[in-house]
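Visitor: Going line by line, the protein sequences match chains Y and U. Heads up: the first sequence at position 494 corresponds to 494 in our numbering, and the numbers run straight through without jumps. For any residue, its number in our numbering is found by taking its place in the second sequence, counting from 1, and adding 647.
Simulated from the structure, these hints should not be mistaken for lab results. None of these values were measured; they are calculated from a predicted model. Keep in mind that the hints are not guaranteed to be accurate.
[Unchecked claim] Across the chosen pairs, the derived CB separations fall in these ranges:
1) U/Gly890 x Y/Leu375: 32 to 38 Å
2) U/Gln1125 x Y/Lys374: 47 to 53 Å
3) U/Gln1125 x Y/Asp507: 43 to 49 Å
4) U/Ala1093 x Y/Pro586: 27 to 33 Å
5) U/Thr747 x Y/Asp507: 52 to 58 Å
Positions of the beta carbon are idealized from the N, C-alpha and C atoms, including for glycine.
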Amino acid sequence: MSVAHLDVIIIGGGHAGVEAAWAAANLIPRAHAVALVTLDPAKIGVMSCNPAIGGLAKGQIVREIDALGGLMGLATDATGIQFKVLNTSKGPAVHGPRAQCDKHAYAQEVQRLIASRPEIKIIAGSVERLIVERGAIRGVEIADPAGASVLLAPAVVLTTGTFMRGLMHTGEQKTSGGRFGEAPAVGISGALRELGFELGRLKTGTPPRLKKSTIDWDNLPPAPGDKIPTPFSDLAEIAPSLRRFPVLEQIDCRSTSTNQAAHDAIRANLHRAPMYSGQIESVGPRYCPSIEDKVVRFADRSSHGVFLEPESLIPEHSEWIYCNGVSTSLPADVQDQIVHAMPGCERAEILRYGYAVEYDMVRPHQIHATGETKLIRGLFLAGQINGTSGYEEAAAQGWIAGVNAARRAREQDPITLGRDQAYIGVLMDDLVTKTPVEPYRMFTSRAEHRLLLRSDNAPERLTPLARELGLLDSTELGRLRARVFGARTTFIARLGDEVDRIRIPIDGHPTPLRELIRRPDYAFEQFQIDAAPAIAWARAGLTELTDRAARSAMFTLHTERFYEPFIARQRIEIGRAIEMERKTIPADFDYHPHNALRAEARAALARFRPATMGQAGRLEGVTPADLTLLSVLIHRHRRGPQPAAAS
Amino acid sequence: MTGQVSSNFGDTIVALATGWCRQDRALIRISGPATHHVCGGMILGYPTAGGACARAKLVSGFGSRVSGLGARVSGRQGRPVFQPEPRNPNPETRFPIPTTILRFDAPRSFTGEDSAEIVLPGNPLLVERVIAALCAHRGVREARPGEFSARAYLSGKLTLEQAEGVAALIASRTDDELLAARALLDGVTGTKFRAWADRCATLLALVEAGIDFTDQEDVVPIAPIELLARTRTLRGEIATWLGSDVGSERETGLARFVLVGPPNVGKSTLFNAMLGRSRAIVSDTPGTTRDALVETLELRRYVAGAPDVHLIDLAGLTDDPAGLHAIDALAQRQAREVIAAADGLIVCDPVGRFDAAMLSTHASAVAHRQQILRVRTKADLPGATVGGSTSVEALAVCALDGWNVATLRRAIADAATRSRGGSTSILPRHRRTLGVALSALDAALASTSASARTLHTPELTADALRTALDALGEMVGQISPDDVIGRVFATFCVGK
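All chains, full assembly: derive it from the sequences and hints.
Guide: Structure representation (structure tokens):
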């Protein structure tokens, strides 16, 4: 049995796994410091479901990952075939950039980026056992066709996606596996359970894929993207792989809809739907219901919209059309009826039927906001294993777990992101303080500081942190990002000073530009005209700043001024809350003897074991008075061994 | 370890050390780094070093609100006369409040921090305004339950043995507060607050749906004009409810019982008899009583464990407005307002008929779950039992010889106890919270343009509605973003 020593082991090559590997490699610039173990290396970076990245709230997450030096934005920009910023009619805080990608090109680009890193060693195989000694991870045991081997490392990141005891359903037919045609990971569930983890089971689904040449494509109404595409990465038009943007040809999608005939077919066959026959008992997401759910829950509607989205421009895959809106696990014959009832799809051939997949997850109250499990030092979980859904949510957790795994390997303290700092912070905090009832998806309404967590200011929020953590030091891409950000910062500072001095005559009165910006009818385009001389002056000598980068920096400045009074108020609230976030709770604190705490509060605290008073306060069932009492109890605990508390 | 502790807390905390009920003196405690700065600015004669000043004056930080104390301090025997007063239009008006002040310098104080104790007249409304004025300063907030004790312990002012007691104290206070809050919000008031929170959450869900689910063809964002209309209605209801309360004596926390009935049925005589002294002018001329008279009826002196109540004597109601002088019309209007806000009505009728017409005058009152006591007054007069038409169960009372007056007191005590859990007074803190909700709803209205087809800055509208919802949630339980998202899923077919 071969034995290899590494710094960090990543299990799984999905969106969480690759982001974790990328971040860890950035922090440990040594050949083969990071192992990426996956069942099939050809499937690294595959988009299992819809061929799109970003959207509302998710787009902000991708911008954050990019600002932190991650790879998702780079891969999306390189492979996007339709870019569209959602919500542009509303305030900039809720603009959500979205891109539809060539899914095969996307996976290839991710694989190219990973392969470009000598720090990352790709290993094909499945994890059979976690090696744990005295409460700390030591490594993993791998089974692969060539035989068993052992990988040793002080930090392991588990990203199992939908593969842990994955079970796919199409009608009455059940197949083991985490994705069509791929085997499940069976050993790992049992290993986690043996270690004492509490597992849960979730469900998600995917729609059928249609054959493009059998659809009346040209006669369906087109669904176009933005005329001028907006990239995710700050390195668009700067990084070598993104010199030209957009890189790929831009395409239109098509829209169609379900109708009464399709709904009748669904109703007539509900008893054959796994969700309704009792074959699936686990919970699926409310925000991504199957077409059978929609028909049952909103019985008064006779039609639901459907988008037909090309999955790829690559010739051998260009026939594949993603049928967005009809996620289903109904039997194949019913899926045929539904599809054939849709306008333009009367003769459409289904290349792959939709299916639901059930999988094991680890209930996330068992991890810290760092991604590390509370039970086993050095073992990190990221992605769907924590009960989330979505590529972006997975990548976000991959980033935080990858960074902290590398820091664990180097014996550095872990880091977390605040709720006021990033959607990634909101995500991690929600995971460790709430009991998920369905796969967790990000929404902007989950962020109480939504006006601060914008896609436009992601660099200001997070690139300094990336620089401080050392994420930008080891690669040319990182150093490039640091330079671009430096130019942007200088430009915004200079321009800000100038803009605040400008007065524009309005009805004969010189009005400060700063005030004008706050008027709802004052457009960004007008700002660029009114501030033109200042812009030219501020840009002077900043050769690093492309036109696109300058425009994006101006937009951030404009937005900051637009929200100024509201942001000021949010900052006061943040200032109040920060005291609670800084107060830590000892990891070994035992809640059970403290009868003075109300039973409900005690139960919540004992289950979630919050790391800070701030987290404790966000638990359901914990009141402000409980917090006061807790602070006294903790203080007493810190003062050393005490006689047992009243019991 | 004492030295660094005060800087650990950062915040300065304020709390009323005495209860919210009516007392002669109230004690406000303040502790934390900003104590001396804040108190020094608000109190004339604030000591420059640790010590006391018995003749200090609370002078600023109230703006116009002190004048809105509501009860006009009347010359007549120095008792407040129950008469809602319009807010003083001149915000500069201040009148100094005599206080006794004790200043403590760190670490020689109960909490180990800079702290002070302010002793002032026990008018709950005044106390509320002073606390609000203190909390308006940066870094100053209301203390959480047990927080003073917790700070004392954390700064080493209490020993470990005492800390055990502190823990128990905090825990018991918490339970008390929870019980009190629950009791307070049972019944009509609680239902009303919950309904407001629910409507606010629905409005927020409709706005959030237009932000987070616009990529869904099934989601139709709420139109600005509809949002405005619904927000205005909600705002109006809260404002009306608050307005009906502002300036009343409701803040004292005592249940109020009003003597009602037609003119000249002997209400004032009964009023005096209940109090055991001559307070109201009594004559045989109808309409003698014009002002509302408010007195505290100390029921606990007569009935063990009974709450004290306010007994209010009013102008008699008449259904014939035509023959009234202007001044009488004013008195009548005022009387009706007082009746509407009362917790209990003592309906007086010497004939004992209590006919439907008279009770219908108080129809709105009945809707508010007021306690109704029927009293057949002038039981000594022969006409009282004429026709034997006392079809309604009523208590016959003779105020002149004291017949059944004690029984009536007991009946009031029972009624007051019953009304405690119901629509009695809310805590001043709750009213303040409703005020926060009101101004947040105003901000939501301001961020919405009626002429637009869609919301241009729904994120700002949502921000304001969220603030309003959080404020309402402080009283009826927080409504989380997850709950709001749940409403979206229940309303719209979301999902591609």
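Visitor: Each hint should be assessed against the structure and marked as holding or not.
Guide: Verification of the supplied hints:
1. Taken as a hint, the range 32 to 38 Å is violated for the pair U/Gly890 and Y/Leu375, whose Cβ atoms sit roughly 57 Å apart.
2. For the pair U/Gln1125 and Y/Lys374, the beta carbons lie near 26 Å from each other, so the given range of 47 to 53 Å is not met.
3. A C-beta distance of roughly 46 Å is found between U/Gln1125 and Y/Asp507, which places it inside the suggested range of 43 to 49 Å.
4. Here the CB-CB span from U/Ala1093 to Y/Pro586 is close to 47 Å, at odds with the stated 27 to 33 Å.
5. U/Thr747 and Y/Asp507 have their C-beta atoms about 57 Å apart, which keeps the hinted 52 to 58 Å range intact.
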